[in-house]
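Number of protein chains: 2
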Amino acid sequence: MTSRPFRFEVLARDAQSRARRGRIATARGAVDTPAFMPVATVGAVKGVTPQELRQLGAELLLVNAYHLSLRPGAELIAELGGLSSFMGWDGPILSDSGGFQVFSLAELVNLGEDGVRIRSHLDGSMQFLTPERVIAVEEALGVDILMPLDDCPPYPCDRSRVEEAVARTGRWLERSRAAWRSEGALFGIVQGGVSPELRARSAERAASLDLPGYAVGGLSVGEPRELCYEIASSSADHLPVDRPRYLMGTGTPQDLIRLVSMGYDLFDCVLPTRNARNGSLFTASGRINIRNARFARDPSPPDPRCDCPVCARFSRAYLRHLSVSGELLSAVLNTIHNLRFYLRLMSELRAALEQGRFPVYTSRALAELAGEVRETE
Amino acid sequence: MTSRPFRFEVLARDAQSRARRGRIATARGAVDTPAFMPVATVGAVKGVTPQELRQLGAELLLVNAYHLSLRPGAELIAELGGLSSFMGWDGPILSDSGGFQVFSLAELVNLGEDGVRIRSHLDGSMQFLTPERVIAVEEALGVDILMPLDDCPPYPCDRSRVEEAVARTGRWLERSRAAWRSEGALFGIVQGGVSPELRARSAERAASLDLPGYAVGGLSVGEPRELCYEIASSSADHLPVDRPRYLMGTGTPQDLIRLVSMGYDLFDCVLPTRNARNGSLFTASGRINIRNARFARDPSPPDPRCDCPVCARFSRAYLRHLSVSGELLSAVLNTIHNLRFYLRLMSELRAALEQGRFPVYTSRALAELAGEVRETE
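Heads up: the protein sequence lines correspond to chains P and U, in order. Residue numbers for the first sequence follow our numbering, so the first one is 1 and each next one is one higher. Residue numbers for the second sequence follow our numbering, so the first one is 1 and each next one is one higher.
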């Protein structure tokens, strides 16, 4: 592993929590953590170019190996020089295995020890995902961080099924590690449902493999928020402090602040991009739905404190008009604003950590964001 | 009229045709002609920001007074400082009356001498368009060029109906002129179907009003292309040489080259933007449909000779993947490329006119574009 370019260093820590300010080095550049990854499932963030993503402060994108392997195909992407070149993003890329999609979107045909047999959501073709095949796809894509195939149980779920998922996730992780050849960094995944004991077992087994980073999966799948926080916190405790921790598929701005304080470094979520397409905009004082009639004549920017190119140039009245009219530009501008909101939040969290004012910053930010409950959507 | 900022000067002429290179001055800046106007019907070019439009070379945008008056309403836009401020475009804007939409999209209830009664395509409400109301809407929007309400007959059409349309278009133009108060420039519109005689009558009546510019409407409505050219050419002959001539709602790159040679200065068309959303891309050697399987592994840019930001960064293979996957970014990137194609064509036509090589440039460009017939779509 010493020949791999992936490195993680902790630059600053909060004295009162487990929050840390770090930096990941990859072959395609650095990622300052805590970091939010915009979601580029099929190799594109919906409506936003790589150049714009860079300007908004993105340093790491998330893609989905399962989706890309179905279309356009990992071999095709490899032939064209790898995903970074194919999609025109010169920074680092993290690839999710698509295991989560297997358990949510795709039609699951058979889950066995060898792998998962599913029916493609695109053309109905039979697909057989194994830990080794997922690694092969991710290595063909040439991504910088590889997520292994895992077994992600639903919520709620029998304890025996969660135990099975933990054991299988562990065995699959060992197979993934054995198959792993590329320069990219393989992360371990922790499962275990809402059981602190199973989470600890899963985390310790993953940690024993001495991987470059670790992720906590199987949260934000329907469990109550406080339970999610409790499990996220206890899972983090069982992961090595000198490796980046990635909380998969979460969450709201408030969630990210809470999770950073638990020692998580990496996040991804569809909220900023998906909400944008429905007219829901993040602001420092909570979420607003721009389609609301009260914005019809509002000349102020979406978020008066935002530094994004949309807030610099457009009014709530104009963005409401675009959204109500179903204009393509609505999705584009709203997505740019929401992504900048998330990316700036992470940048502010990093600055607060560097400057020793993390508790002050987060308590003020959480109080302001709570303005959300007063909003009419 | 001398207090209005609108001016048109001819800077260069082609010796062999009626093509001219000119410049329109408006309160919001200059428009170099021949010029193509991107279509921003409801105050937005689909998927492209005003900043991007400026970078692509756009100097004048086209909007639709009828659509904007229905939603968000001309008063609302006026209250927010006018359309230029509302939509974040600081350059000049031309507003079509929406008369053409009345005769194509909306449900026509009654066409009388006073105006047109229609049912809104948005909410079914009854709308009564009159020449005076259209001018009032356009003046509330604060646009730089105002198109009056006209009577645009379909093709084919009885001669008596075309005669009526010519007479009514003329009377409505007089009423529009009487209602016109703003700094914006009112253009006259020529109708007359495919009759050179009726076109001449309509053009001469419009020209007698000594307006800042003139438009030819009612073409590209289904008539054969050669007939369209014939009528466009004869109509131009009856319009004053010292005023800009605008051929409404046309056309392909080949059409624009032909129409420039007839002495037209302004154009608008949905082709570059609408085609983009269907995967149809303009190139110097003809149109291609990027969804075609032969582009699946094609690493070359959409148009190897194009200077747009899409061709600089993305391959045909990637654009095909985005289009086939229905990604939002597909429409955005394809639109940017197609608009740049149109805007660069106009820029090259202007340069050719300035440098006395218009015949050489256009004959080569037309021959290259004819590559289109060899393309498989």
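It should be emphasised that the hints constitute simulated quantities derived from the structure, not laboratory data. In this text, all values refer to a predicted model and were calculated from it rather than measured experimentally. Check before you lean on any hint, since a few could be wrong.
What the hints assert, rightly or not - Just a sample of chain P residues kept apart from chain U, beta carbon distances all over 10 Å, derived:
hint, residue
1, Arg18
2, Arg71
3, Leu76
4, Glu79
5, Leu80
6, Phe314
7, Ser325
8, Glu327
9, Leu328
10, Leu333
11, Leu366
12, Glu368
Unchecked claim - Pairwise CB distance ranges, derived in the manner of DEER restraints:
hint, chain 1, residue 1, chain 2, residue 2, range
13, P, Ala207, U, Val270, 52 to 62 Å
14, U, Ser120, P, Gly356, 21 to 31 Å
15, U, Arg305, P, Gly81, 45 to 55 Å
Quick reminder that beta carbons are idealized off the backbone N, C-alpha and C, glycines included.
So, going through the hints one by one against the coordinates:
no. : hint                               : result
1   : Arg18                              : 37 Å, holds
2   : Arg71                              : 6 Å, violated
3   : Leu76                              : 6 Å, violated
4   : Glu79                              : 6 Å, violated
5   : Leu80                              : 6 Å, violated
6   : Phe314                             : 5 Å, violated
7   : Ser325                             : 5 Å, violated
8   : Glu327                             : 5 Å, violated
9   : Leu328                             : 4 Å, violated
10  : Leu333                             : 7 Å, violated
11  : Leu366                             : 32 Å, holds
12  : Glu368                             : 27 Å, holds
13  : Ala207/P with Val270/U: 52 to 62 Å : 58 Å, holds
14  : Ser120/U with Gly356/P: 21 to 31 Å : 60 Å, violated
15  : Arg305/U with Gly81/P: 45 to 55 Å  : 22 Å, violated
Consistency with the previously given hints fails for numbers 2, 3, 4, 5, 6, 7, 8, 9, 10, 14, 15, ordered from lowest to highest.
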